[in-house]
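Participant: In case you want the letters, here they are:
There are 2 protein chains.
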Amino acid sequence: MSRPPMELWIEEIQGKDVRLGLRAKTVLHREVSEFQEILVVDTLSYGRALFLDGTFQVTEKDEFVYHEMLAHLPMMSHPSPRRVLVIGGGDGGTIREVVKHKEVEEAVLCEIDPRVTAVCREYLPEVASGLADPRVRVLHEDGVSYIKEHKNSFDVILVDSTDPVGPAVGLYSPEFYAACKEALRAGGIVCAQSESPFVNGDVVRRVSQSMQSSFPHRLLYLSPLPTYPSGFWSFTAGAGQPLPREVSKERAAALATRYYTAEVHEAAFALPPFAAALIE
Amino acid sequence: MSRPPMELWIEEIQGKDVRLGLRAKTVLHREVSEFQEILVVDTLSYGRALFLDGTFQVTEKDEFVYHEMLAHLPMMSHPSPRRVLVIGGGDGGTIREVVKHKEVEEAVLCEIDPRVTAVCREYLPEVASGLADPRVRVLHEDGVSYIKEHKNSFDVILVDSTDPVGPAVGLYSPEFYAACKEALRAGGIVCAQSESPFVNGDVVRRVSQSMQSSFPHRLLYLSPLPTYPSGFWSFTAGAGQPLPREVSKERAAALATRYYTAEVHEAAFALPPFAAALIE
Chain Z
94 MSRPPMELWI
104 EEIQGKDVRL
114 GLRAKTVLHR
124 EVSEFQEILV
134 VDTLSYGRAL
144 FLDGTFQVTE
154 KDEFVYHEML
164 AHLPMMSHPS
174 PRRVLVIGGG
184 DGGTIREVVK
194 HKEVEEAVLC
204 EIDPRVTAVC
214 REYLPEVASG
224 LADPRVRVLH
234 EDGVSYIKEH
244 KNSFDVILVD
254 STDPVGPAVG
264 LYSPEFYAAC
274 KEALRAGGIV
284 CAQSESPFVN
294 GDVVRRVSQS
304 MQSSFPHRLL
314 YLSPLPTYPS
324 GFWSFTAGAG
334 QPLPREVSKE
344 RAAALATRYY
354 TAEVHEAAFA
364 LPPFAAALIE
Chain Y
94 MSRPPMELWI
104 EEIQGKDVRL
114 GLRAKTVLHR
124 EVSEFQEILV
134 VDTLSYGRAL
144 FLDGTFQVTE
154 KDEFVYHEML
164 AHLPMMSHPS
174 PRRVLVIGGG
184 DGGTIREVVK
194 HKEVEEAVLC
204 EIDPRVTAVC
214 REYLPEVASG
224 LADPRVRVLH
234 EDGVSYIKEH
244 KNSFDVILVD
254 STDPVGPAVG
264 LYSPEFYAAC
274 KEALRAGGIV
284 CAQSESPFVN
294 GDVVRRVSQS
304 MQSSFPHRLL
314 YLSPLPTYPS
324 GFWSFTAGAG
334 QPLPREVSKE
344 RAAALATRYY
354 TAEVHEAAFA
364 LPPFAAALIE
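As you go down the protein sequences, you meet chains Z and Y in turn. Each residue of the first sequence is one higher than the last, beginning at 94 in our numbering. Each residue of the second sequence is one higher than the last, beginning at 94 in our numbering.
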């Protein structure tokens, strides 16, 4: 006689009133680094999942949507993004998308926690694969300090941060975006993940307002993201010039993407009214 | 001395390996009708939520996205949708959007389970509000039988069904769509919810294939939907003629929507490659 198998679930309490659980095969890695708890769980439905301080960061199944939308929209908005900085994003997924652009000469990853990068290289090798590109330089420094010391250095800065609590809180301030502006070369573009338009409207507004005085042209755009709170995410791009709605179809097609295309880029400008109201 | 308050959660097991839970205030209503279990729960984060056979159908917070996208894209694709049929959709949310179109002379709701409609009128009055429109006729019949008996009768048919198990299974077959074609007048358009492109790729493909022989022009389009599996949903529209990418901005603006606009309509044509691959 057999009994039912053990029920093993990994669950994030999202906000305080919603929980998303995934049935798990096993825990692959767990440690507390200098900065946060790092956990990798093998799940049945979303493959391997990385959690930092108990929140979903990356799953193998849906990470392409987030990383493509964070990287390619701003990268394609720049005519020739040669030097690129990613702040946070220690899993490497954003850098993997950045180095698909043949214009890139150097891509710097500034991830404060060396353990995130090490754990992802070991347990999420496909996500971390871009870190091996010879154009990539991985630094384990505080992004806020780094950016203040590198003026006029980058064409695109991507802010791939955790939520506005813990190590990432400094990445949500107007001072940070003023430093981003200084760190960008002429025509430079910044883009940040800016949380859920459905349940974090205050953060969406805060990112936009923090960018406002340094970046007169901003674009709030959305994408689905199954394992993040509400399954619906936002990004905010900023520039000194209007962001282009139409981008090169040929350049976009060369990126070998599963979510982003030149058509998806243009569609991202069609912001639903409920989301537009968040930044009015 | 006080103890922590009771933890009350309502949870859907989505597929078999994912669960989405909402913290609840109380259960407002629970019954087993002739067709299914009907449950209304008051939640902290999504307001009141309707469950049929244990699956999220409607929450007060996110229902606008689903109902606007199911109704307005096909309605706006028709030059003058005067007679409209909604199959399923007993909560009334789709009908509420349909009757925003001033062209509508009659809107028939064919919901098999009278208890769904009664429960929603009582516990989700805002969602059910459209049912009171004098142009609306509510029938409690089987949609498959109804449609076979009404040839050449409708301009738009909206299939607002539950999942392809239980009472809705007949709404996913080629025979059903052949009957829809017969029930439509010249230039008519059908549109169905077609499940998650992320976790129900087989259903996305099945709906498209079932429409294929009756509707040579089809459009698969997507929207986020926080409380449905993966938070990411699909709809499939079918017609005898190409569906228009551009629709009247004036007509769309008159609908007083929070998600759908003429720009969102056009953006819906930008299908990400991973989703396009589902129907290749």
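No lab work stands behind these hints: they were computed from the structure. Some hints could be false.
A pair holds if it fits inside one copy or across any two, identical chains being indistinguishable in the list.
In the SDA-like style, the derived pairs of lysine to any residue whose C-alpha atoms are separated by at most 25 Å in a straight line are [claimed, not checked]:
hint, residue 1, residue 2
1, Lys154, Gln334
2, Lys244, Gly140
3, Lys241, Ala347
4, Lys109, Pro218
5, Lys118, Val292
6, Lys193, Ala370
7, Lys342, Glu130
8, Lys241, Pro207
9, Lys342, Arg116
10, Lys118, Glu104
11, Lys342, Glu124
12, Lys118, Val231
13, Lys195, Pro366
14, Lys195, Phe367
15, Lys274, Val292
16, Lys342, Ala360
17, Lys154, Ile372
18, Lys154, Thr119
19, Lys193, Phe367
20, Lys195, Ala347
Participant: Please write out, lowest number first, the hints stated earlier that are contradicted by the structure.
Facilitator: Of the numbered hints given earlier, those the structure breaks are 1, 2, 3, 4, 7, 9, 11, 12 and 15, listed in rising order.
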